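K.L.:
One letter stands for each residue in the lines below.
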Amino acid sequence: MSFPSSDLVTVLAGIVVVLIVASVIGYALQRASSEPNAVIENLNDRIQAWWIMVVLMGLALIGGKTGVTVLLGFCSFAALREFATLTDTRRADHWALAAAFFVVLPVQYYLIWISWYGLYSIFIPVYAFLLLPIIAVLRGDTDKFLVRVAEVQWALMICVFCVSHVPALLSLEIPGYEGRNVLLIAFLVIVVQMSDVLQYVWGKLLGRTKIAPKLSPSKTVEGFVGGALSATAVGAGLGWMTPFTPWQAALLSFVIVLMGFFGGLVMSAIKRDRGVKDWGNLIAGHGGFIDRLDSVIFSAPIFFHVVRYFWSAV
Amino acid sequence: MGRIVGFAILLFARFITAVRGRWEGIAPVDGQRIYFANHASHGDFILIWTVLPPRMRRRTQPVAGADYWLKTPMRRFIGRDVFNAVLIDRERENRTADPVAQMIEALDTGSSLIVFPEGTRNQTGQPLQPFKSGLYHLAKGRPDVDLVPAWIDNLNRVMPKGEFVPIPLICTVTFGAPLRVAEGETKQDFLDRAQAALLALSPKVIAPKAIAS
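The listed protein sequences correspond, in order, to chains A and B.
Quick note: the first sequence uses the numbering used here, first residue 56, plus one each step.
Quick note: the second sequence uses the numbering used here, first residue 255, plus one each step.
These are calculated hints, taken from the structure and not from any lab test.
Wrong hints could be hidden among the right ones.
[To be verified] Distance ranges between label pairs, derived from CB positions:
| id | chain 1 | residue 1 | chain 2 | residue 2 | range |
| --- | --- | --- | --- | --- | --- |
| 1 | B | Thr374 | A | Gly195 | 22 to 32 Å |
| 2 | A | Val321 | B | Gln380 | 35 to 45 Å |
| 3 | B | Arg257 | A | Pro91 | 17 to 27 Å |
| 4 | A | Arg86 | B | Ile358 | 52 to 62 Å |
| 5 | A | Pro91 | B | Asn408 | 30 to 40 Å |
| 6 | A | Pro91 | B | Met310 | 20 to 30 Å |
| 7 | B | Asp321 | A | Tyr172 | 48 to 58 Å |
| 8 | B | Trp277 | A | Thr121 | 38 to 48 Å |
| 9 | A | Phe200 | B | Glu278 | 33 to 43 Å |
| 10 | A | Ile189 | B | Glu417 | 36 to 46 Å |
[What the hints assert, rightly or not] Which residues of chain A face chain B? A partial, calculated answer using Cβ under 7 Å:
| id | residue |
| --- | --- |
| 11 | Arg136 |
| 12 | Ala139 |
| 13 | Thr140 |
| 14 | Arg146 |
| 15 | His149 |
| 16 | Leu152 |
| 17 | Tyr232 |
| 18 | Gly234 |
| 19 | Gly335 |
| 20 | Asn336 |
In this text the structure is predicted, and so the values were computed from the model without any measurement.
Here a beta-carbon is modelled for each residue, glycine too, at the ideal position from N, C-alpha and C.
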């Protein structure tokens with residue numbers, strides 16, 4: 056455990072203040088409405104979920120590299136469990152799946168923990184992707200083979216490879232930013248979450264034109280534009296906690312927001328294909344881990360590589 | 255010791271399956287019941303046990319085959335000390351105790367029961383095997399106890415027969431509306447009705463595409 060930097064304390068305190076305000080508003084709304092209102096209940100459920108996320112994330116960030124790696128490792132595990140549940144995998148995939156859960160996942164997070172960029176950036180797309188079909192093929196079941204292999208590979212890509220790029224941010228070495236990398240994680244997560252919230256708010260206020268009626272009936276053009284621009288502005292305002300200038304922070308935030316939005320659409324398409332509303336049943340009515348992670352999943356690797364290319368010394 | 259191991263098994267079951275109980279036809283409140291469930295794995299009663307509220311869990315005994323659960327000291331410990339199972343002899347030829355009598359005896363101590371009316375684990379590829387008549391005789395023996403169907407979903411994928419490493423997958427246990435033997439109902443009619451009630455809880459029977467819309 057490392058002593059948290061003063062910036063981290065400021066950020067966490069700021070988030071707690073925002074959440075307290077949100078909780079008070081949510082409570083007041085609930086008191087004010089005479090009959091049970093689904094929107095208000097959903098809002099309060101979300102606020103509660105954020106409290107849990109913030110507490111866990113705060114503890115992990117204070118715990119430093121080990122804390123973040125372990126927390127995201129468990130998130131990957133829970134996400135992979137949800138993803139695997141919805142696949143067509145069968146008896147013949149038993150060992151491939153076992154290897155995905157109990158070998159590939161821990162090894163990937165170990166490589167992140169020891170900061171071995173050269174291996175963790177290719178371990179899943181090269182070694183796991185070649186090894187797992189070999190394990191599956193040895194069982195001799197060729198029925199739907201390509202589908203089954205692709206499902207396991209995608210599950211690993213989404214739930215392990217992408218998510219593991221959040222703790223990987225800690226292994227970047229940015230001159231003049233030493234010891235403060237956890238703030239990059241805080242920046243990424245805050246921008247993604249604010250984008251989700253602001254899109255929801257703008258959509259409720261002005262939403263008219265559906266952006267993808269087949270995939271996500273609640274998403275509107277107005278909500279997306281308003282949310283993306285205001286989340287970008289929030290990101291620019293958070294530039295002080297990053298190694299970026301306000302303009303750079305705004306641009307990176309915009310990339311994060313775009314990737315998050317389209318990531319959400321892709322994950323919705325998978326859910327539609329599988330005929331489910333939510334990925335899992337983590338807490339009643341809250342959906343699963345992937346429902347909470349979907350925007351981070353797509354933005355984390357891109358954010359990582361852009362920052363690494365332009366700012367990192369290693 | 256039994257309690258600690260029981261807690262560890264429960265934690266492990268949650269880690270692997272994130273199991274959730276869906277109380278659709280009945281509420282998780284006190285009251286003596288006979289839960290009857292589909293049987294695909296040795297872990298079946300552990301999942302039901304896990305989703306029961308702790309107060310009810312302590313008063314619920316699984317009914318299991320003595321031939322399996324008495325075979326090794328480890329199984330004997332888990333079956334008897336941890337889960338307080340009612341161990342019945344499944345071999346009709348040379349058994350000394352009548353299984354239905356044993357179950358009724360357990361009911362009379364105030365326990366609820368978990369039974370698997372298919373008799374053995376289902377490896378047929380069909381959703382359910384024909385029910386054994388024990389369920390009917392049990393229901394006739396204690397007609398004022400509710401029989402609650404409980405569908406365990408996905409556990410067969412977690413650990414297919416012959417595998418020893420479990421795959422983490424989300425499982426659910428769905429509890430349906432209770433039933434009792436009706437006036438003048440024949441054995442076969444009752445078993446058919448119980449089987450249909452259990453099968454109706456299987457998520458695969460409800461067309462999955464319909465949920466999304």
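K.L.:
Are any of the numbered hints broken by this structure? If so, which, sorted upward?
P.N.:
3, 10, 17, 18
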